[in-house]
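*Asks:* One letter stands for each residue in the lines below.
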Amino acid sequence: MTHVGLKRLIAYREGKLPPAEREAVQEHLSLCPQCTGLLRELRDFEAAAAGGETGPEPLRQEAWESLVRRLPAKDPAVRPIAGAAPREAPRPRDLRPLLYSAAAAVLLAVLGLGVWATVTAQQRRHELAQLERRLAEREGALAAAHRSLANAERQLAAARGHIHDLEKEQRASPIAVASREIAVTVAPWFAVRGQENSGSGLLQGDAVNPVRIPARGKGFTVALSLADHPVYGEYRLELTDRNGEVLWAGRRPGRALLGDMGTSISVSGLGPGLYRLRIEGVQGKRSELLAEYRLAVER
Amino acid sequence: MKGPGEPIEAIVKRLRDGAGREESFRLLFERFYGPLFRFFEHRGFSTEECQDLIQETFLRVYRGIEAFRGESRWEHWLFRIAANTASKAWRHRAAAKRAGQAVPWEEKDEEEAAPVVADESSRDARAPAPLRRLLDKEMGELLKQAVEGLPVQMRRCVRLRVFQDLDYDEIAEVLQIAPSTVKVQMFKARKRLQMELGRSFTSFEL
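Heads up: the protein sequence lines correspond to chains A and B, in order. Residue numbering for the first sequence follows this note's numbering, starting at 19 and increasing by one per position. Residue numbering for the second sequence follows this note's numbering, starting at 24 and increasing by one per position.
Hints are computed from structural coordinates only; laboratory data are not their basis. Errors might be hidden in some of the hints.
Claimed, not checked - Derived lysine to aspartate or glutamate pairs resembling EDC-like cross-links, with alpha carbons at most 20 angstroms apart:
| no. | chain 1 | residue 1 | chain 2 | residue 2 |
| --- | --- | --- | --- | --- |
| 1 | A | K34 | B | E29 |
| 2 | A | K25 | A | E41 |
| 3 | B | K111 | B | E72 |
| 4 | B | K36 | B | D75 |
| 5 | B | K167 | B | E196 |
| 6 | A | K25 | B | D188 |
| 7 | B | K167 | B | D188 |
| 8 | B | K211 | B | E171 |
| 9 | B | K206 | B | D192 |
| 10 | A | K25 | B | E72 |
| 11 | A | K34 | B | E98 |
| 12 | A | K34 | B | E72 |
| 13 | A | K34 | A | E64 |
| 14 | A | K34 | A | E45 |
| 15 | B | K36 | B | E64 |
| 16 | B | K214 | B | D190 |
| 17 | B | K206 | B | E193 |
| 18 | B | K206 | A | E45 |
| 19 | B | K111 | B | E53 |
| 20 | B | K206 | B | E196 |
| 21 | A | K25 | B | E89 |
| 22 | A | K25 | A | E45 |
| 23 | B | K214 | B | E196 |
| 24 | B | K167 | A | E64 |
| 25 | A | K25 | A | E39 |
| 26 | B | K211 | A | E145 |
| 27 | A | K25 | A | E64 |
| 28 | A | K25 | A | E71 |
| 29 | B | K211 | B | D190 |
| 30 | A | K25 | B | D190 |
To be verified - Some chain A residues close to chain B (C-beta under 8 angstroms, calculated; not the full set):
| no. | residue |
| --- | --- |
| 31 | I28 |
| 32 | E71 |
| 33 | E83 |
| 34 | L131 |
| 35 | V133 |
| 36 | W134 |
| 37 | S166 |
Even glycine gets a Cβ: it sits at the ideal position worked out from N, Cα and C.
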């Protein structure tokens, strides 16, 4: 079924159709609710226009303003008109709304600036407080580090002093030991066997720790182990006390000190205390200090 | 006489001539905003959509006012533009639905929101109450056959009353005849149908 069509329906409504076409439209309308509905819409539209139906007021004004914004820009004739009712006649332009708007805009700008400044100042204060807090934390950590460093330095100084004291005590302690016998410290190049020692081995020591020889001994035996060192024609031995005074000196021919047999030296008559044994190699007019060792006589 | 009470034809003429175009256009908008709002609202559009469609309608008026030659009434010319704008909006919505896009208009009940021009299959579902009552009594076909045998104008009146649920005044308006004529036609039709359908017609009122 072909519908009447709006143009034809309007012509029917306006009574402009010829009789035959008018009959056809009427027949169709009696069968077609859609076309009848369209005709009734047209009738309602006419009635609303004739009745001066205005529609919702705020929406109408809003629609007009929006419509004016959508009009082609090339035609400057139509611009938004304040108020719902159209003007009856041109009137001098009232500038008061413009002034009020400008004043309101300035006021809003000032208020906005004030709010912005307040908010910004609060943010800055907050950031400054955070920075100060961090600085205080760093300063606290730095002070703690300083304290820790000073403490460590004090501990280091104390440790150094203690080491010094220990070294001093270590150097002094063998001398303070009393004994009737003589002990001999032994250098890597040679060894000294205690004369009265019961043992079979050589007693060896180093620069710090003296070798204690049993108190029963009356003397000691010096034996050199020169290894790759040149052999001298003669060796001079010298025993001094702690003040450097020579208590005994003797010479031994070359090779006499070499090997385990060595040479026997009597130490009877020496009191307890620290002594030194110097061994020099002599070759003609040339001599060389081979070793100088501390000896401790114990009680 | 210019202003709100001015005849439409004079306002339209001034708009077409370009003299006082701003004022003329504003006057037309003021006069027809309400009728257009009702029209679009009746078509099932939301308030926001009505606003947009009214603006679109007036934009078309503004652009095409030179095409209005006064062959039909101004409000009918405007109504055509509004109806086309509404149909275009419905097609846009239908296309968006087919494409699976979000439809910007409010979703309404299909029956309520359907455009006036609908397909034939929906006729029975939207049939007026008198017809539904007849269908319930399995009298529809019998009545239709009987109605088709009536004289032309009588037949049209009965169709509009039974199948479209119009009252007498509406029937008169559609058929452009006097309401009294409709009343007479319906009276005669009732007599003829009662004679033809007998007792089956007793529960039906025209």
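*Asks:* K25(A) and E89(B) were given as a pair; does the straight-line alpha-carbon distance stay at or below 20 angstroms?
*Replies:* 18 angstroms, holds
*Asks:* Is K34(A) close enough to E64(A), meaning Cα to Cα at most 20 angstroms?
*Replies:* 17 angstroms, holds
*Asks:* Against chain B, is S166(A) within 8 angstroms by beta-carbon distance?
*Replies:* 68 angstroms, violated
*Asks:* Hint check: K34(A) vs E98(B), CA-CA at most 20 angstroms. Holds or violated?
*Replies:* 16 angstroms, holds
*Asks:* Is K214(B) close enough to E196(B), meaning Cα to Cα at most 20 angstroms?
*Replies:* 24 angstroms, violated
*Asks:* Check the hint pairing K25(A) with D188(B) against an upper bound of 20 angstroms on the C-alpha distance.
*Replies:* 25 angstroms, violated
*Asks:* Checking one constraint from the list: CA of K211(B) to CA of D190(B), max 20 angstroms. Satisfied?
*Replies:* 16 angstroms, holds
*Asks:* Quick one, is the L131(A) hint okay against chain B at 8 angstroms, beta carbons?
*Replies:* Violated, because the Cβ-Cβ distance from L131(A) to chain B comes to roughly 36 angstroms (cut-off 8 angstroms).
*Asks:* So if I understand the rule, the pair passes when the alpha-carbon distance is 20 angstroms or less; does K167(B) with E64(A) pass?
*Replies:* 34 angstroms, violated
*Asks:* Holds or violated: V133(A) as interface residue toward chain B, Cβ cutoff 8 angstroms?
*Replies:* Nearest chain B Cβ about 33 angstroms off; hint violated.
*Asks:* Decide if the proposed pair is consistent with the structure: K111(B) and E72(B), CA atoms, cutoff 20 angstroms inclusive.
*Replies:* Roughly 13 angstroms between the alpha carbons, so the hint for K111(B) and E72(B) holds.
*Asks:* Check whether the Cα positions of K211(B) and E171(B) lie no farther apart than 20 angstroms.
*Replies:* Holds: K211(B) and E171(B) sit about 14 angstroms apart, inside 20 angstroms.
In summary, the numbered hints that this structure violates are 1, 4, 5, 6, 10, 12, 15, 19, 23, 24, 26, 28, 30, 33, 34, 35, 36 and 37.
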